[in-house]
Amino acid sequence: MTQRDQLLVLNIVDYLIASHSNREIALRQSQRFRQMLGELNGQAADEAIDGAYMVSAEAMDALRDENEALRARVKALEKAQNQLADAEERADANAQLLQMTVTYMQQLLDETIGQRDEHKQYLDAIRRQEGIMREQITSYVDMFRMTINYLDGQVKDLQDANRALQERYQGPTEASLSLASSASQAYFNPLPKLKALFSEAVYSTYPPNGSNGNAFCVAEKFGIIYLILVKSPYTGLQGETFAMIASYFLQNVIATQKYINSSRLIEKFEEFVGTMGNFTQVIARNEVQIGVCLVDNLNCEVEFSTTGFPVYAMQGNVVNEYHGGYSSVQSPQQPGTGAYKVKKLSLRKGSYLIMSSESLDTRYLSDARPPRTLGEVVQGWQPNEDKHATMNDFLQHYTPENGNIKDFLLAAVKF
Amino acid sequence: MTPEELKLIDDKFVERYEDANGRVYIDQDNGTILCELLKPYVSIEGMMQLLKQITNIVELYGCRKLVLDERLVTGFHQPTMEWIYLTWKVEMYHRYHLTSYRHLFNQEPWFLKCVDAGWAAMRKKEPNSVLHVMDVKSCNSLADALAN
Numbered sequence: 011m012t013q014r015d016q017l018l019v020l021n022i023v024d025y026l027i028a029s030h031s032n033r034e035i036a037l038r039q040s041q042r043f044r045q046m047l048g049e050l051n052g053q054a055a056d057e058a059i060d061g062a063y064m065v066s067a068e069a070m071d072a073l074r075d076e077n078e079a080l081r082a083r084v085k086a087l088e089k090a091q092n093q094l095a096d097a098e099e100r101a102d103a104n105a106q107l108l109q110m111t112v113t114y115m116q117q118l119l120d121e122t123i124g125q126r127d128e129h130k131q132y133l134d135a136i137r138r139q140e141g142i143m144r145e146q147i148t149s150y151v152d153m154f155r156m157t158i159n160y161l162d163g164q165v166k167d168l169q170d171a172n173r174a175l176q177e178r179y180q181g182p183t184e185a186s187l188s189l190a191s192s193a194s195q196a197y198f199n200p201l202p203k204l205k206a207l208f209s210e211a212v213y214s215t216y217p218p219n220g221s222n223g224n225a226f227c228v229a230e231k232f233g234i235i236y237l238i239l240v241k242s243p244y245t246g247l248q249g250e251t252f253a254m255i256a257s258y259f260l261q262n263v264i265a266t267q268k269y270i271n272s273s274r275l276i277e278k279f280e281e282f283v284g285t286m287g288n289f290t291q292v293i294a295r296n297e298v299q300i301g302v303c304l305v306d307n308l309n310c311e312v313e314f315s316t317t318g319f320p321v322y323a324m325q326g327n328v329v330n331e332y333h334g335g336y337s338s339v340q341s342p343q344q345p346g347t348g349a350y351k352v353k354k355l356s357l358r359k360g361s362y363l364i365m366s367s368e369s370l371d372t373r374y375l376s377d378a379r380p381p382r383t384l385g386e387v388v389q390g391w392q393p394n395e396d397k398h399a400t401m402n403d404f405l406q407h408y409t410p411e412n413g414n415i416k417d418f419l420l421a422a423v424k425f
Numbered sequence: 002m003t004p005e006e007l008k009l010i011d012d013k014f015v016e017r018y019e020d021a022n023g024r025v026y027i028d029q030d031n032g033t034i035l036c037e038l039l040k041p042y043v044s045i046e047g048m049m050q051l052l053k054q055i056t057n058i059v060e061l062y063g064c065r066k067l068v069l070d071e072r073l074v075t076g077f078h079q080p081t082m083e084w085i086y087l088t089w090k091v092e093m094y095h096r097y098h099l100t101s102y103r104h105l106f107n108q109e110p111w112f113l114k115c116v117d118a119g120w121a122a123m124r125k126k127e128p129n130s131v132l133h134v135m136d137v138k139s140c141n142s143l144a145d146a147l148a149n
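Protein sequence lines correspond, in order, to chains A and B. Counted the way my numbering counts, the first sequence spans residues 11 to 425. Counted the way my numbering counts, the second sequence spans residues 2 to 149.
For the record, the hints were derived by calculation from the structure and aren't laboratory data. Just so you know, even glycine gets a beta-carbon here, dropped at the ideal spot from N, CA and C. Among these hints, one or two may not hold up.
Stated by the list, open to error - Counterexamples of contact, computed for chain B against chain A with all Cβ distances above 12 Å:
| id | residue |
| --- | --- |
| 1 | Thr81 |
| 2 | Trp89 |
| 3 | Tyr102 |
| 4 | His104 |
| 5 | Cys140 |
Stated by the list, open to error - DMTMM-like mimics (lysine to aspartate or glutamate), calculated; alpha carbons at most 25 Å apart, straight line:
| id | chain 1 | residue 1 | chain 2 | residue 2 |
| --- | --- | --- | --- | --- |
| 6 | B | Lys114 | A | Asp152 |
| 7 | B | Lys126 | A | Asp167 |
| 8 | A | Lys166 | B | Glu19 |
| 9 | B | Lys126 | A | Glu140 |
| 10 | B | Lys125 | A | Glu140 |
| 11 | B | Lys126 | A | Asp152 |
| 12 | B | Lys40 | A | Asp170 |
| 13 | B | Lys53 | A | Glu145 |
| 14 | B | Lys126 | A | Glu68 |
| 15 | B | Lys13 | A | Asp167 |
| 16 | B | Lys114 | A | Asp162 |
| 17 | A | Lys166 | B | Glu71 |
| 18 | B | Lys114 | A | Asp167 |
| 19 | B | Lys126 | A | Glu145 |
| 20 | B | Lys40 | A | Asp167 |
| 21 | B | Lys114 | A | Asp170 |
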């Protein structure tokens, strides 16, 4: 084969390899070129062509393999591309979701901030109000404290003024009271008269040196002995004055009347007290009580009327209690006062008639001695005992259990 | 305020200032300012604001009498009251010749005692203050306060 022929064969081979991957097409082409290679001797041409065909077949196989590989690569690429598209699609969806979430969170944040600002405004308003309330409460407290101090100062000033007044008038008041007590005891002391009229007489007062508003008077008219006890709530100078006036009045009435019974005497006293200026109002609040006994010493008979406290009669050591009518002396201004009951007692010789401004059941206490009632003391009287001394001893060591009892008067006579 | 008092204000006064704590009116013809307090307790800050307004009005119109309607008031801050009486009123006297004051107080007896206590404290604090010789009175009604 000439060089020219070889080149021709090579070109054919190149052409076959470059242009066709299809074996059939390559065969057809090889037949064509067989024609073209007609100039070549048959065997050389056939050998060239077979060689070219073998090369082209091998090239085609290689191309085929490469094609297959490329196809596989393309498939893989396509798959990867699909996967990428899916991933992109998912990523898009996630991005959208994320965006929505972000938007929602932003809205939430904006709302929260708005609420926070609103709450902050409320808080500020509440704090302002709290400040005002604190100021108000503090101001009120300070105002009340200032007023209390001011009023305490006024009270103290009044107390000082009161004390000064008391000190100024204490001396004369005590002197007046002392004078009144002395006059009352000197003039109105019933004990001598009682002892003159009865076989035995007891007269005790508490406190010992004053009547303290209670009065006991003794009068005699036509053989009738009047024993009158007046109990009043007055004390001090007022009490002494009242006692003196009451005693004087009663004795005067008895002296100027032919006969007056116990009830009528009480009514007269009632009218009199009702006219006594300052005492009228006090009578309306506090009770002035009176007991009147008309005693027939010879016959041991007693006619009595009382407005409150009872009279007692002791026979042996037995004490009996006898009550009268109405509970208080009322002023003439109050209608319906009426008469008081008149009661009669028949006693035996040796009996005691006892009049007491406080009940004989009144208990008395002592620091060093057992408690006793007034009645126990009276019941304990012995026949030849100095009962006056006994009563004085009792009154020195005992005081009433009831703190409201400031004074009392007891008079007893023996038939 | 009673209806009669409201009518009196309508006839004679013009409102110049109002806030939550009080109202200020002026009767230019008679040179009278009326300050009505609207709360049982007026805070220090509120009181200062009202006084500032009154000062402005006095400066502007040259009034001679101030009526303070405190009938709704039941409590006060004593140091502020002392400042008002012993400093502000004295300054108003010297600067603007505001000489007459009429107070309408709450008539509760306990509150009047508090007012007495406050006055006593002020007298004790500054016995020589010109306030004690100024024309300061307490009245029972608005008509009485305006007339006297």
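I'd like to know which numbered hints this structure contradicts. Please list them from smallest to largest. Those not satisfied are hints 1, 8, 9, 10, 12, 14, 15, 17, 20.
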